[in-house]
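Keeping their order, the protein sequence lines are chains H and F. Its first residue numbered 1, the first sequence is counted upward by one per residue in the working numbering. Its first residue numbered 1, the second sequence is counted upward by one per residue in the working numbering.
Please note that a few of the clues may not be correct.
[Said to hold, decoys possible] Chain F residues, not near chain H, derived (Cβ > 10 Å throughout):
hint : residue
1    : Ala24
2    : Pro28
3    : Ile93
4    : Lys99
5    : Ala105
6    : Ala132
7    : Trp146
8    : Ser149
9    : Glu205
10   : Asn211
11   : Phe247
12   : Asn273
13   : Arg326
[To be verified] Incomplete in silico selection of chain F near chain H, CB under 10 Å:
hint : residue
14   : Gln104
15   : Glu197
16   : Pro204
17   : Leu213
Keep in mind the hints are simulated off the structure, nothing from the lab. From the three backbone atoms N, C-alpha and C, an ideal C-beta is built for every residue, glycine too.
For reference, the chains in residue letters:
Protein chains: 2
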Amino acid sequence: MKKCMFFLVIAIVFTGSVIGAQAADHLPSWNDTFAKKGIIAFVEKVTTSGSPDFVPESERIAVFDNDGTLWPENPVPFQLAYALDTLKQMTEIKPQLKKDPMVQAALSGDFSKLLEGKHHDGLMQVMALTHAGMTTGEFNTQVKNWLSSARHLRYGKPYDQLTYQPMQEVLNYLRQNGFKTFIVSGGGADFMRVWSERVYGIPPEQVIGSNALTKYELRESGPVLVKTMDSLFVDDKEGKPVGIHQFIGRRPIACFGNSDGDKAMLEYTTIQNPRPSFGLIVRHTDAEREYAYDAKPKSSGKLVEALKEAPERGWVVVDMKSDWKRVYNFEKKGVR
Amino acid sequence: MKKCMFFLVIAIVFTGSVIGAQAADHLPSWNDTFAKKGIIAFVEKVTTSGSPDFVPESERIAVFDNDGTLWPENPVPFQLAYALDTLKQMTEIKPQLKKDPMVQAALSGDFSKLLEGKHHDGLMQVMALTHAGMTTGEFNTQVKNWLSSARHLRYGKPYDQLTYQPMQEVLNYLRQNGFKTFIVSGGGADFMRVWSERVYGIPPEQVIGSNALTKYELRESGPVLVKTMDSLFVDDKEGKPVGIHQFIGRRPIACFGNSDGDKAMLEYTTIQNPRPSFGLIVRHTDAEREYAYDAKPKSSGKLVEALKEAPERGWVVVDMKSDWKRVYNFEKKGVR
Numbered sequence: 001m002k003k004c005m006f007f008l009v010i011a012i013v014f015t016g017s018v019i020g021a022q023a024a025d026h027l028p029s030w031n032d033t034f035a036k037k038g039i040i041a042f043v044e045k046v047t048t049s050g051s052p053d054f055v056p057e058s059e060r061i062a063v064f065d066n067d068g069t070l071w072p073e074n075p076v077p078f079q080l081a082y083a084l085d086t087l088k089q090m091t092e093i094k095p096q097l098k099k100d101p102m103v104q105a106a107l108s109g110d111f112s113k114l115l116e117g118k119h120h121d122g123l124m125q126v127m128a129l130t131h132a133g134m135t136t137g138e139f140n141t142q143v144k145n146w147l148s149s150a151r152h153l154r155y156g157k158p159y160d161q162l163t164y165q166p167m168q169e170v171l172n173y174l175r176q177n178g179f180k181t182f183i184v185s186g187g188g189a190d191f192m193r194v195w196s197e198r199v200y201g202i203p204p205e206q207v208i209g210s211n212a213l214t215k216y217e218l219r220e221s222g223p224v225l226v227k228t229m230d231s232l233f234v235d236d237k238e239g240k241p242v243g244i245h246q247f248i249g250r251r252p253i254a255c256f257g258n259s260d261g262d263k264a265m266l267e268y269t270t271i272q273n274p275r276p277s278f279g280l281i282v283r284h285t286d287a288e289r290e291y292a293y294d295a296k297p298k299s300s301g302k303l304v305e306a307l308k309e310a311p312e313r314g315w316v317v318v319d320m321k322s323d324w325k326r327v328y329n330f331e332k333k334g335v336r
Numbered sequence: 001m002k003k004c005m006f007f008l009v010i011a012i013v014f015t016g017s018v019i020g021a022q023a024a025d026h027l028p029s030w031n032d033t034f035a036k037k038g039i040i041a042f043v044e045k046v047t048t049s050g051s052p053d054f055v056p057e058s059e060r061i062a063v064f065d066n067d068g069t070l071w072p073e074n075p076v077p078f079q080l081a082y083a084l085d086t087l088k089q090m091t092e093i094k095p096q097l098k099k100d101p102m103v104q105a106a107l108s109g110d111f112s113k114l115l116e117g118k119h120h121d122g123l124m125q126v127m128a129l130t131h132a133g134m135t136t137g138e139f140n141t142q143v144k145n146w147l148s149s150a151r152h153l154r155y156g157k158p159y160d161q162l163t164y165q166p167m168q169e170v171l172n173y174l175r176q177n178g179f180k181t182f183i184v185s186g187g188g189a190d191f192m193r194v195w196s197e198r199v200y201g202i203p204p205e206q207v208i209g210s211n212a213l214t215k216y217e218l219r220e221s222g223p224v225l226v227k228t229m230d231s232l233f234v235d236d237k238e239g240k241p242v243g244i245h246q247f248i249g250r251r252p253i254a255c256f257g258n259s260d261g262d263k264a265m266l267e268y269t270t271i272q273n274p275r276p277s278f279g280l281i282v283r284h285t286d287a288e289r290e291y292a293y294d295a296k297p298k299s300s301g302k303l304v305e306a307l308k309e310a311p312e313r314g315w316v317v318v319d320m321k322s323d324w325k326r327v328y329n330f331e332k333k334g335v336r
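Could you put together the complete structure from these sequences and hints?
Okay, here's the thing in structure tokens:
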């Protein structure tokens, strides 16, 4: 019987340690401020069975903007860096491309020229050159190759190492609590899906982004999908709730953004939602570790209207400088 | 020590019973023929860890056509029955609608008139009247109400009780083995999402169908999405692999269809797939319990080209009459 007792003790100790683990800090890169407490309070509220605020697992949908919310969008959105690097490579192989005034504008960094006109013809041309006319497989390879060689100018790191550690923790924490996490971004779905599962643990089918139709062809080598710019859908601003409905088909209960481009999906998530809901804005206030802008970003990410609306809507505003212990995983832990 | 031995025996017996349960028949409505054996062999192959055919869970994507594969499409696709019933109701409220020749054609069952012209203008008009111009919430309510009152003429049952029991078992069996099951249908995504989770266990975000854009509005009552016919995408034929890429972003490893409309997605799933793959065609051969057609369906569901291609591609062809013990759940078990 002594051995049995020994096993029993082991079992109790083990159970105890499991309970101990459950009480662990799931958001260690967050300071113990209002924002962190708000996230935890919301998750505990909707996962407490028997409570009137309980939300069944199938309805625990959380949506995250990507650029500026899960990783930076400075000095330009990373996908634009990809497009410019790729365009440069293309002109080395096909020098006649350089005769095109829009290609010249892109290579010289003249973004105002690219954005001219109602439909931003120059930018569309650069996107078409670098994102269409190849198969989805060829595009994936191209993005993978770029990610493995390109480095962010300021940090000197591969772009996919620049995700915000506090937000990675939120993604994990939500998933551990039965949430399905989706990206809902103005960035290209095909671009993000190449690395979203590896980098964020978000599978391709949970990535919603700007997209255009492909064309199916059955070739000698097998079936392929050729990327086009047809029926281009820009998943930004009012397009975000539209994209959420098109791809998910129900209202999220949690929404994380950082700019006015996320205002509509924050509204769609939190206003008159029959379920308890949560909205959060990451505010870029940290010039030292990341960037500080709000109304005046270098390229995209302007935050004015959504910030104004936040108090009325009850959206949590994260002050990157004071709310985050560290921004990136490669920083020394617990800097602040 | 004797007590320890006792617990050990209990543990072994218990483990044994678990193993026994695993060997249970997951496809009881299937006769023990080639088709059933093929499904099981495929699932066992891709889930045996250590085997060269093993496929990680995240890549176990299975796609199912709906009309004719998971439920009938006779005498007309059920969504068309919904449109016609709804149109009839609308003309009772707004009698002036009856002056429209296309509405007249629809109400008198003159489908050839609706399908005239390159863009099937009549059908599009009927779809616009019954599927657009209302909020997504209003549309959901309308579909729910219809489902609860409408009855299939031949069976006298609500439409959502007419799912094929053998295919329900396949859906469950795949999910039990770590597959994510998706619908990829020419039917409307919004229509199917109202009931797909309750009826098939397939959540809205795993339903891919024909779709059009919505328009976001922030009203006094809260945010709404108004259904339009803009950027209509028909998820059929070559549109199916296009839709799969747009919504899932990777190739399925298993595909279930029933008509030439599914040929492209069967090809996309099975030809030169770097992973082991599986294709299956449900052939309507049972006039007694369901319908028998192939080349000559009453409305949609023509099966000629895909059937011709099946042997070369290794697609399993299910003969409904001989492969299925029962078609519907409400039949007496084990009829054949």
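Hint check results:
| no. | hint | verdict |
| --- | --- | --- |
| 1 | Ala24 | holds (26 Å) |
| 2 | Pro28 | holds (27 Å) |
| 3 | Ile93 | holds (27 Å) |
| 4 | Lys99 | holds (34 Å) |
| 5 | Ala105 | holds (29 Å) |
| 6 | Ala132 | holds (14 Å) |
| 7 | Trp146 | holds (18 Å) |
| 8 | Ser149 | holds (23 Å) |
| 9 | Glu205 | violated (5 Å) |
| 10 | Asn211 | violated (6 Å) |
| 11 | Phe247 | violated (6 Å) |
| 12 | Asn273 | violated (8 Å) |
| 13 | Arg326 | holds (29 Å) |
| 14 | Gln104 | violated (33 Å) |
| 15 | Glu197 | holds (7 Å) |
| 16 | Pro204 | holds (3 Å) |
| 17 | Leu213 | holds (6 Å) |
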